[in-house]
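A.B. asks: Whole structure, please, built from the sequences with the hints as guidance.
Listed in order, the protein sequences are those of chains A and B. In terms of numbering that gives the first Met the number 0, the first sequence opens at residue 0 and continues consecutively. In terms of numbering that gives the first Met the number 0, the second sequence opens at residue 0 and continues consecutively.
Honestly, the hints are just simulated from the structure, not real lab data. Keep in mind that the hints are not guaranteed to be accurate.
To be verified - With a straight-line cut-off of 25 Å between C-alpha atoms, the simulated SDA-like cross-links for lysine to any residue are:
hint, chain 1, residue 1, chain 2, residue 2
1, A, 54, B, 361
2, A, 381, A, 103
3, A, 374, B, 225
4, B, 276, A, 25
5, B, 314, A, 344
Said to hold, decoys possible - Computed spacing ranges between beta-carbons, pair by pair:
hint, chain 1, residue 1, chain 2, residue 2, range
6, B, 182, A, 122, 33 to 39 Å
7, A, 323, B, 203, 54 to 60 Å
8, A, 307, B, 68, 17 to 23 Å
Predicted model only: the values in this text are computed from it and were never measured. Cβ coordinates follow ideal geometry from the N, Cα and C atoms, glycine included.
Letter by letter, the chains look like this.
Protein chains: 2
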Amino acid sequence: MAREALDVQGIQSTQSGRIFATYWIEGDRQEARARGEALALEQSHEFPRQYAPVKADRSLGRVESVGDVHDGGADVIISYPQELTAFEIPQLLVVLLGNGSLLPGIRLVDFSLTPDVVKALGNGPALGIAGIRKKLGVPHRALLATALKPVGLDVEDIAELGYESALGGIDLIKDDQGLGNQPWAPFEQRVPAVAAAIERGSEKSGHRSFYLPVFNPPAGQWNKHLDIALENGVGGMLVCPGTAGFDALRYVRDNTPDDFIVYAHPAFLGGWTSSDKHGIAPEILFGHLLRLAGADSVIYPSFGGRFSFTPQQCKDIADFARDDFEGMNPALPSPGGGMTVERVPELLDFFGPDTLFLIGGALHATGNLVEGAQKFRRAVEK
Amino acid sequence: MAREALDVQGIQSTQSGRIFATYWIEGDRQEARARGEALALEQSHEFPRQYAPVKADRSLGRVESVGDVHDGGADVIISYPQELTAFEIPQLLVVLLGNGSLLPGIRLVDFSLTPDVVKALGNGPALGIAGIRKKLGVPHRALLATALKPVGLDVEDIAELGYESALGGIDLIKDDQGLGNQPWAPFEQRVPAVAAAIERGSEKSGHRSFYLPVFNPPAGQWNKHLDIALENGVGGMLVCPGTAGFDALRYVRDNTPDDFIVYAHPAFLGGWTSSDKHGIAPEILFGHLLRLAGADSVIYPSFGGRFSFTPQQCKDIADFARDDFEGMNPALPSPGGGMTVERVPELLDFFGPDTLFLIGGALHATGNLVEGAQKFRRAVEK
Chain A
0 MAREALDVQG IQSTQSGRIF ATYWIEGDRQ EARARGEALA LEQSHEFPRQ
50 YAPVKADRSL GRVESVGDVH DGGADVIISY PQELTAFEIP QLLVVLLGNG
100 SLLPGIRLVD FSLTPDVVKA LGNGPALGIA GIRKKLGVPH RALLATALKP
150 VGLDVEDIAE LGYESALGGI DLIKDDQGLG NQPWAPFEQR VPAVAAAIER
200 GSEKSGHRSF YLPVFNPPAG QWNKHLDIAL ENGVGGMLVC PGTAGFDALR
250 YVRDNTPDDF IVYAHPAFLG GWTSSDKHGI APEILFGHLL RLAGADSVIY
300 PSFGGRFSFT PQQCKDIADF ARDDFEGMNP ALPSPGGGMT VERVPELLDF
350 FGPDTLFLIG GALHATGNLV EGAQKFRRAV EK
Chain B
0 MAREALDVQG IQSTQSGRIF ATYWIEGDRQ EARARGEALA LEQSHEFPRQ
50 YAPVKADRSL GRVESVGDVH DGGADVIISY PQELTAFEIP QLLVVLLGNG
100 SLLPGIRLVD FSLTPDVVKA LGNGPALGIA GIRKKLGVPH RALLATALKP
150 VGLDVEDIAE LGYESALGGI DLIKDDQGLG NQPWAPFEQR VPAVAAAIER
200 GSEKSGHRSF YLPVFNPPAG QWNKHLDIAL ENGVGGMLVC PGTAGFDALR
250 YVRDNTPDDF IVYAHPAFLG GWTSSDKHGI APEILFGHLL RLAGADSVIY
300 PSFGGRFSFT PQQCKDIADF ARDDFEGMNP ALPSPGGGMT VERVPELLDF
350 FGPDTLFLIG GALHATGNLV EGAQKFRRAV EK
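C.D. replies: Printed below as a string of structure tokens:
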């Protein structure tokens with residue numbers, strides 16, 4: 000959805016201590032303003048103005064501007080006092096779109112924070128693009144990821160896939176998000192075996208590949224899973240914010256060494272992006288919100304595969320992930336989902352080299368994973 | 000969206016050890032079947048069939064039936080081996096709708112589990128309707144809830160609101176979901192003060208009201224917040240699964256005494272219910288999925304307020320929350336959102352007495368919260 004650039008920075012510079020959210024609200028300009036006023040109240044007081052004690056005005060959201068109508072609605076900028084977020088991610092989500100997500104014809108299309116909030120949340124990705132490149136020793140070319148699958152294999156089968164992927168020169172080898180803690184290859188047994196196999200493959204290939212096991216444990220087992228990962232020297236983890244909660248990204252970042260990669264997977268996030276009249280604009284969700292929570296790289300479904308984002312949406316997500324949002328490290332966009340090695344030249348041209356291309360099943364298409372991986376690697380080295 | 004009843008039970012009885020999900024899939028019957036086959040693969044292997052080792056077939060999803068076309072699509076039942084869920088809530092969500100949520104024109108409209116999965120997840124609500132009624136000593140009449148707000152007040156102001164709500168005879172007095180851990184009334188200071196005030200109000204009124212503080216802390220502070228709540232003898236907590244993660248419901252249930260009420264709030268869940276072509280059918284999300292995770296009562300936006308569910312959707316949610324799904328305790332439907340005391344007779348007639356009516360700001364309409372609460376109480380005692 001196209002939208003005009005609103006002068007958030009201009010408004011913000013005159014008001015310290017407030018955060019800003021832009022919502023596209025369905026209706027004409029007058030309706031959008033009226034609904035925006037109601038939304039500002041909903042997301043802060045959720046209480047009738049006429050009965051609210053004056054003291055509580057310090058927590059109130061307010062409409063800052065209403066843009067021109069486009070796509071059947073108008074962009075309304077609402078500001079909130081930064082304290083309303085409690086300087087915590089779960090509460091920030093409540094402020095940005097908690098009840099608002101349940102209202103018809105409202106979509107979060109932009110937001111900005113204060114230096115205090117960004118700092119309290121930990122300044123986004125610890126590594127970002129430069130940090131991942133440094134860790135991998137790959138300064139310029141596009142980066143490569145693959146997924147270990149299918150689920151249902153035994154530990155030694157998965158370890159062998161990890162070994163072959165490393166031997167073929169893939170930079171980051173992650174668990175499939177479907178590969179959690181099933182009895183076929185329990186996390187506790189899989190992680191040491193796969194980590195060791197990838198290290199063997201790396202030694203043989205001469206390029207250091209890293210293992211990123213999945214992070215999606217039940218509550219109460221987070222530290223156990225982190226400990227297993229850290230004890231086995233993995234390169235980072237594949238975190239599922241849709242199922243583990245957005246704050247899981249921050250938690251993994253904050254409880255691991257400085258060079259630990261936080262890689263975000265989009266499973267169970269599709270509710271937010273399935274309509275252009277509700278939810279969250281994809282470039283904001285993937286490019287800013289998950290990055291704010293700590294994602295060094297964000298996976299999202301690319302165009303031309305089996306998912307539904309348009310080329311423009313995919314480009315926007317990549318641009319937003321890499322932009323200078325709130326002074327945070329840029330994150331590595333990681334388009335995936337039904338991509339093939341044959342499409343890499345086109346995708347490289349489209350997304351540029353600061354991209355982590357993710358190809359899973361298609362690397363097996365030659366019948367030889369090492370060859371598939373090598374072909375993938377050569378495609379980005381050209 | 001109307002849909003025909005599909006014979007899940009009939010299919011299921013012949014196949015032990017598999018869970019079943021019904022998806023409405025856009026398209027004609029043939030398209031729905033083809034997309035259903037692709038979805039069964041996506042949600043399990045996410046790997047090309049032709050390259051998958053035979054061994055991995057033990058984890059594969061499969062289409063069990065395709066219904067007739069309605070509303071521009073057909074209901075497709077897919078079964079998965081129960082082991083695929085890892086017997087954990089975060090992984091169950093990945094199986095049911097992880098990547099599938101990102102595909103166009105697919106909606107989860109039903110699911111059923113196995114006794115092993117239900118048992119491993121803890122059998123749903125510990126209390127349910129009967130348990131909440133027993134705890135409150137209210138065997139028959141409809142139950143009452145209110146929310147402490149607006150955010151921005153000081154601890155003593157909020158405690159006073161709690162006192163007055165208890166004095167007026169409200170059964171469950173919860174924090175507003177917007178009332179997290181802001182500097183105006185930090186959780187650690189608010190909970191003891193409000194708990195004590197509600198106890199004083201209860202002693203004076205002669206009816207035991209319970210305090211339910213919000214549970215939406217950052218990861219790593221979950222036990223701290225639970226400890227504060229338990230030390231202050233609260234009646235339960237208001238858990239926000241949209242922001243804290245669905246598994247937060249289970250975690251709170253499993254780490255508190257048997258008579259602790261788990262009350263689920265819908266903040267940041269609207270992405271799942273904003274379209275009838277995507278996401279999750281509201282009665283399944285609120286009536287079955289949150290209940291499976293442990294919710295004794297589920298808040299959802301009622302019709303006639305400022306939210307968008309239809310009367311039929313609201314009725315369906317209530318019916319599904321109370322049904323005999325998987326042998327779990329029924330959960331108390333808790334419609335809220337812009338309701339008024341004047342509407343209680345109509346709503347009581349519509350929803351029936353096994354309902355927890357939630358009215359927040361409107362109790363202040365008389366200018367006297369105690370009177371507003373008493374009026375609310377009388378409305379359900381008639």
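A.B. asks: CA of residue 381/A to CA of residue 103/A, is that 25 Å or under?
C.D. replies: violated (48 Å)
A.B. asks: Measure nothing beyond the straight line between the CA atoms of residue 54/A and residue 361/B; if it is 25 Å or shorter, mark the hint as holding.
C.D. replies: holds (19 Å)
A.B. asks: Is the distance from the Cβ of residue 323/A to the Cβ of residue 203/B consistent with 54 to 60 Å?
C.D. replies: holds (58 Å)
A.B. asks: Verify the proposed pairing of residue 276/B with residue 25/A, using a straight-line Cα cut of 25 Å.
C.D. replies: The hint holds at about 19 Å.
A.B. asks: Run the distance test for residue 374/A versus residue 225/B: straight-line Cα separation, threshold 25 Å.
C.D. replies: violated (52 Å)
A.B. asks: I want to verify a distance hint. Is the separation of the beta carbons of residue 182/B and residue 122/A within 33 to 39 Å?
C.D. replies: With a Cβ separation near 21 Å, residue 182/B and residue 122/A fall outside 33 to 39 Å, so the hint is violated.
A.B. asks: Starting from the range 17 to 23 Å, see whether the pair residue 307/A and residue 68/B falls in it by beta-carbon distance.
C.D. replies: Given about 21 Å between the Cβ atoms, the range holds.
A.B. asks: Given the hint that residue 314/B pairs with residue 344/A, does the C-alpha gap stay at or below 25 Å?
C.D. replies: violated (53 Å)
Violation of the numbered hints given earlier is confined to hints 2, 3, 5 and 6; the remaining hints are satisfied by the structure.
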